[in-house]
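Asks: Residue numbers (my numbering), protein chains in the order written: chain Y, 1 to 328; chain L, 329 to 579; chain R, 580 to 884.
Do not rely on the hints blindly, as some may be mistaken.
Unchecked claim - Only pairs whose alpha carbons sit at most 20 Å apart, straight line, appear in this in silico EDC-like list of lysine to aspartate or glutamate:
1. R:Lys690 / Y:Asp295
2. R:Lys819 / R:Asp613
3. L:Lys521 / L:Glu558
4. R:Lys690 / Y:Glu287
5. L:Lys521 / L:Asp534
6. L:Lys345 / L:Asp384
Since the hints were derived computationally from the structure, they do not count as laboratory data.
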Amino acid sequence: MAETTVSAAPHRTPAIAPRVKAAAVLFVLFALVPPVVTALGDPFLVLVATRILAYAIAALALDLILGYGAMVSFGHAAYLGFGTYAVAILSSYGVNDLFLQMLGAILVSAVFAFVTGAISLRTRGVYFIMITLAFGQMAFFFFISLSAYGGDDGYGLSNRSTIFGSDMLENDVTLFYVTLALLIALFALCHRIVSSRFGRVLTGIRENATRMEAIGYAPFRYQLTAFVISGCMTSVAGVLLANQAEFVSPAFMSWHRSGELIVMVVLGGIGTLTGAIGGAVAALLLEEFLGMVTDHWQLWFGLFLVLMVLFSPRGITGLVEQIGRRKR
Amino acid sequence: MSRLEMTHLDKSFGALKVTDDVSLTIEPGEIHAIIGPNGAGKTTLVAQLSGQLAPDSGRITLDGRDITRATMPERVHLGLARSFQITQVLPSFTVLENVALSVQAREGSSFRFFAPVAGETALNTAALKALAEAGLDERADLPASALSHGEHRRLELAMALATDPRTLLLDEPLAGVGGEDADAFITRLMGMKGRFTMLLIEHDMDAVFRLADRVSVLVYGRIIATGTPEEIRSDPQVRAAYLGEEEEAEA
Amino acid sequence: MTNLFVLQLLNGVQLGVLLFLIAAGLTLVFGIMDVVNLAHGVLYMVGAYFVATFAAWTGSFWWGLLLMLPAAVAVGLILELVVIRRLYTRSHLDQVLATFGLVMMANETVKIVWGVSPLSVPMPELLSGSVPLMGPLQYPVYRIAIIVAGLGVAAGLFLMVNYTRIGMLLRAGATNRAMVSALGIDIGKLFAVVFTLGAVLACLAGALIAPILSVDTGMGESVLILTFVVVVIGGIGSIKGAFLGAILVAVVDTLGGVFGPILLREVLDPAAAGQAGRMLAPMLVYILMAVILFAKPAGLFGGRA
Chain Y
1 MAETTVSAAP HRTPAIAPRV KAAAVLFVLF ALVPPVVTAL GDPFLVLVAT
51 RILAYAIAAL ALDLILGYGA MVSFGHAAYL GFGTYAVAIL SSYGVNDLFL
101 QMLGAILVSA VFAFVTGAIS LRTRGVYFIM ITLAFGQMAF FFFISLSAYG
151 GDDGYGLSNR STIFGSDMLE NDVTLFYVTL ALLIALFALC HRIVSSRFGR
201 VLTGIRENAT RMEAIGYAPF RYQLTAFVIS GCMTSVAGVL LANQAEFVSP
251 AFMSWHRSGE LIVMVVLGGI GTLTGAIGGA VAALLLEEFL GMVTDHWQLW
301 FGLFLVLMVL FSPRGITGLV EQIGRRKR
Chain L
329 MSRLEMTHLD KSFGALKVTD DVSLTIEPGE IHAIIGPNGA GKTTLVAQLS
379 GQLAPDSGRI TLDGRDITRA TMPERVHLGL ARSFQITQVL PSFTVLENVA
429 LSVQAREGSS FRFFAPVAGE TALNTAALKA LAEAGLDERA DLPASALSHG
479 EHRRLELAMA LATDPRTLLL DEPLAGVGGE DADAFITRLM GMKGRFTMLL
529 IEHDMDAVFR LADRVSVLVY GRIIATGTPE EIRSDPQVRA AYLGEEEEAE
579 A
Chain R
580 MTNLFVLQLL NGVQLGVLLF LIAAGLTLVF GIMDVVNLAH GVLYMVGAYF
630 VATFAAWTGS FWWGLLLMLP AAVAVGLILE LVVIRRLYTR SHLDQVLATF
680 GLVMMANETV KIVWGVSPLS VPMPELLSGS VPLMGPLQYP VYRIAIIVAG
730 LGVAAGLFLM VNYTRIGMLL RAGATNRAMV SALGIDIGKL FAVVFTLGAV
780 LACLAGALIA PILSVDTGMG ESVLILTFVV VVIGGIGSIK GAFLGAILVA
830 VVDTLGGVFG PILLREVLDP AAAGQAGRML APMLVYILMA VILFAKPAGL
880 FGGRA
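Only chain Y is shown next, with the shape it has when bound in the complex:
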């Protein structure tokens, strides 16, 4: 045993992986957005960028279960909804603090994710996709029937959230940097999670669930935990989106939104975390761009998706796997 050629510790140098470096570059570029767009005379673009960052948080959260847990959740927009409505409902009761609102959003999301996840995870594949979709739609209908908060039409917020009593978020640039700070913090958290004991088990289940059971893991509890974490993180994105738009509506949780979240994760490369952030940026910029050049951006975006799947040899997921393998 003493003569083994590999040392036991520390195995695999904890040098900053290329992906983390790429994310760091992205974060620096993000940080430059407000001064640059202000200098260019388009300060309203800060709000557009804030929206992109908020979706990047949601995509990051989804990648945690989609990329690392192979759980294709088609109902993640529900958590965006819990986040946005936590702001609307709590502020109507005088609770304006950003962190209290986040706490509320996280608690509701945790319960919802726990219950629906526990039911959905009893199934596999096609069933899982359809059931998460259906539960997402259930949440959607619930908020449509909330007539006190405008039902279908949505509900305008009279003010943004406060931070320790300060209304600093009324400033768009401050909101942007707070959103960026949360994105960085959650990226770091996700990075820790996927490199932890828990993350290794989760990824192992993705790779071969039978094998994991045969060495003593019950996949369900790990998958459910990841599902709950992901739902809670997505709701944080919702809280930020409500502040960005100063408006909440069930439209945040339509199943199209869930689909778009999946598109973001896949565009950037699943199971990479950094990719989810890049994917969110790419997808939303593409949307904005198509929206500028044509009234029918959905047609072209849809066509783009179909062609992308059909013409990558083994599909988008296959493509990502191939790239991942080459890197190893």
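For this one, chain Y is given, so just place chains L and R on it according to the hints.
Replies: Coordinates of chains L and R only, in the frame set by chain Y:
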């Protein structure tokens, strides 16, 4: 070392009886081989013992404790590990990571979300130990997908060993392994004799007769004979049903 | 009260029959080809637009309905040939993305071709008006016609699945795909037939509902998800499950919306009951799904989970 006992196990797929009233006790520390022609239901039996499939009726006990309804992971925690006939590893993980996961399953909590697992010396040391026993420690840093077939078989063994089993179910560990590799593998298993109870499913008669303390013959889901290798070799019923064909072919 | 109940029950059955027409194809596509098809609701919408267009051209609902059928076959075949066929061997994630793209394309194309304002389809003369049911209770003839037509199609499907060669293959395929290939059947052809059949049924559902609903781009969406619930409850690949699931979902949805608040009034004060009822009613089918799946993860008649 545990005593593994099956009583009146039955399992059918539709009209096909794949396990037919199997009662067998594997004594502590024994290497018990199960042989039989293809389709005799050997892998189905392992699946029931490991918890992958539930028997239609009958009982399985481990040291007297009824585990018939226990899940696969529960059985692993009771010291019952298995290897698969068709290699089941985590292809994009390194060899060491594969085995470290086995160690992690038995040691401490897997609900740790922050500390990087790659730096856990205790896990890696224990994993390397299991790899060394399986003769695979030199390949620890390769991704599992880069291993040869024979090395995959050894990784299967290492992953089972790393769960610290008291009973080991080996489903054709030598499937597709030949020559010196097979020899070395058999020697390795010989060295482990007495450390745990072993149930060995194997086609390689040479391996079976070298390793096993006792042998059971499974034909069409039924055990037609159990005995020492010598007894089995000379059992006319077994020769007719199974061994005979091979010896004729050799002659 | 009894009258209201009977009326709503009939409405529920009518919705259920429609849901069944859509779900029948979807459950086969899921069960046999293992393909997630989010674009199935699009076909329902397209069927309604077809009948609206053809009825306007010919001035007759019946001609519109008749012309819709070959158009539906064409749409189904083209869709299968160009996109769906390439998805059979892909991951579910790929299937989700591609068919999600199809939904976006289809919704936008419909807007370009037919505009954003809803279309209406005139009620055929023969089936307009109402008939007396019991006592003073009247029920629209057209809705009865939908129920009859739907049950007719269901019976036809049932006979096909249980007593024909293709039905035998469908049943075999839904439970064991390898077996169908082992029988030496051209899987590609079988899949194309199944997909097109499902497409035509969904288009038919859209066409049938068109005269009593405004035809617009959103109509496929809400129905799609209800259909998913039906398929999941009934068990993927099971026609029988799709039928029972459809009726169950539709009746619960329809009756729940009306009687939920009434029942709640027994335990809550009227205002709270009204509010709670309005909130619970649209969630009822999903709660039903959750309960059924909790007890039977593979659905009522599903073989595989």
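Asks: The structure should be examined with respect to each hint, and the outcome stated for every one.
Replies: Going through the hints against the structure:
| no. | hint | result |
| --- | --- | --- |
| 1 | R:Lys690 / Y:Asp295 | holds (11 Å) |
| 2 | R:Lys819 / R:Asp613 | holds (18 Å) |
| 3 | L:Lys521 / L:Glu558 | holds (19 Å) |
| 4 | R:Lys690 / Y:Glu287 | holds (18 Å) |
| 5 | L:Lys521 / L:Asp534 | holds (17 Å) |
| 6 | L:Lys345 / L:Asp384 | holds (10 Å) |
When the structure is compared with the earlier hints, no violation turns up for any of them.
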